[in-house]
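If you're matching them up, the sequences are chains A and B in order. All residue numbers in the first sequence are consecutive under the working numbering, ending with 93. All residue numbers in the second sequence are consecutive under the working numbering, ending with 195.
Keep in mind the hints are simulated off the structure, nothing from the lab. Heads up, a few of these hints could be off.
[Stated by the list, open to error] Coverage of chain B stretches by chain A, computed from C-beta distances (three or more under 8 angstroms per stretch; other residues unrestricted): (1) 24-30; (2) 35-46; (3) 74-84; (4) 154-163.
[Stated by the list, open to error] Distance ranges between label pairs, derived from CB positions: (5) A:D39 with B:R91: 34 to 40 angstroms; (6) A:F57 with B:V48: 17 to 23 angstroms; (7) A:T8 with B:D173: 22 to 28 angstroms; (8) A:L69 with B:S176: 48 to 54 angstroms.
Note that beta-carbon positions come from the ideal geometry of N, C-alpha and C, so glycine has one too.
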Amino acid sequence: MRTKVRGTSPQMALARILEALGQELIDASDEEILEAARDLGIDPTMKGSAAFAGLKFPATPRLSDFFELDVGRRLRAPEADAALPNPNTRQEE
Amino acid sequence: MHRVPQLVDKRILRPTETFLALGLSSEMEVLRLKTLARLYARGLPSDVSWEDLLQEALTRVLVGSRRQPAGVTMVAFLAGVMRSLKAEHWRRVLNGPGRPDTLRIDDQTAGPRATALTDPTPGPERSLIARQEVMAIERLFAGDPVALKIITGLGEGLSAEQIRQAAGLSETDYGSARRRMRRVLLREGLTCEPK
Chain A
1 MRTKVRGTSP QMALARILEA LGQELIDASD EEILEAARDL GIDPTMKGSA AFAGLKFPAT
61 PRLSDFFELD VGRRLRAPEA DAALPNPNTR QEE
Chain B
1 MHRVPQLVDK RILRPTETFL ALGLSSEMEV LRLKTLARLY ARGLPSDVSW EDLLQEALTR
61 VLVGSRRQPA GVTMVAFLAG VMRSLKAEHW RRVLNGPGRP DTLRIDDQTA GPRATALTDP
121 TPGPERSLIA RQEVMAIERL FAGDPVALKI ITGLGEGLSA EQIRQAAGLS ETDYGSARRR
181 MRRVLLREGL TCEPK
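Just chain A, with the same shape it has in the complex (with noise of 0.2 angstroms):
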């Protein structure tokens, strides 16, 4: 009877090879990080810079993280608005 050979499963062999690479990027020096974002052409040390995008600011901008837009006017709860006093109007003493 032949043996049986079972192959590592896809699952595993990725598992193993994100914690194993994961480790290789905990242990990276600040040196290496900013010889990696030269290579990119970015200036992690510059206020704005790209390396940052999906940490300060989103990586895919929308219009709604620049504008009003109604439909996030619409969504804020009536409730919220009628409990704050109105600017416009005295409270009675």
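Starting from the structure of chain A, add chain B where the hints point.
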């Protein structure tokens, strides 16, 4: 007539910004976390992005549901949180939403009960995603045969020593290949392009 909408007057801070403002991580550490998140997001369905994975991990730490153990660096700790979030995601996908029929070990109710058992083995979708991601990782190192041998060895669960012996690499060659691989991974992790 075309009307320009008003500019937003309320800005919601992202967990990364809060993390930086509280001094919990430096900017370099945050960049390192980005590279890790982009790596760990491989193998997740396309509706879960690396941003989701990272911001969720940071949120868990900020709200106190995950506490950093003493002696573990913040980056290593958050890497672990991201890995566990990924495992949690797949568990939820396999088990479905909620398990109301879970039996307690000290359950006293008499009589038989029907309980549907889910198959814990990964489905074909997950296998296919994993296979594609392994191939995508191999493509990153396509021009580097030594790195490809290392990737194959890692996938088979070999130790560094076993990989060196199987591939016939000296310690220096192995170290140089690891440095090249780290550079490729960092470039891939810092890019602004979507996964």
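Hints versus structure:
Coverage of the region 24-30 of chain B by chain A holds in this model, with 3 residues showing a Cβ closer than 8 angstroms to a Cβ of that chain against a need of three. Using a Cβ-Cβ cut-off of 8 angstroms, 6 residues of the region 35-46 of chain B lie near chain A, which meets the minimum of three, so the contact claim holds. Under the rule that three or more residues need a Cβ within less than 8 angstroms of chain A, the assignment of the region 74-84 of chain B holds, with 4 such residues. Using a Cβ-Cβ cut-off of 8 angstroms, 4 residues of the region 154-163 of chain B lie near chain A, which meets the minimum of three, so the contact claim holds.
Checking the proposed 34 to 40 angstroms range against A:D39 and B:R91 shows it holds: the Cβ atoms sit about 38 angstroms from each other. Checked against the given bound of 17 to 23 angstroms, the beta carbons of A:F57 and B:V48, roughly 20 angstroms apart, stay inside it. A:T8 and B:D173 have their C-beta atoms about 25 angstroms apart, which keeps the hinted 22 to 28 angstroms range intact. Take A:L69 and B:S176: their Cβ atoms lie about 52 angstroms apart, and the range 48 to 54 angstroms holds.
The earlier numbered hints are all upheld by this structure, with none contradicted.
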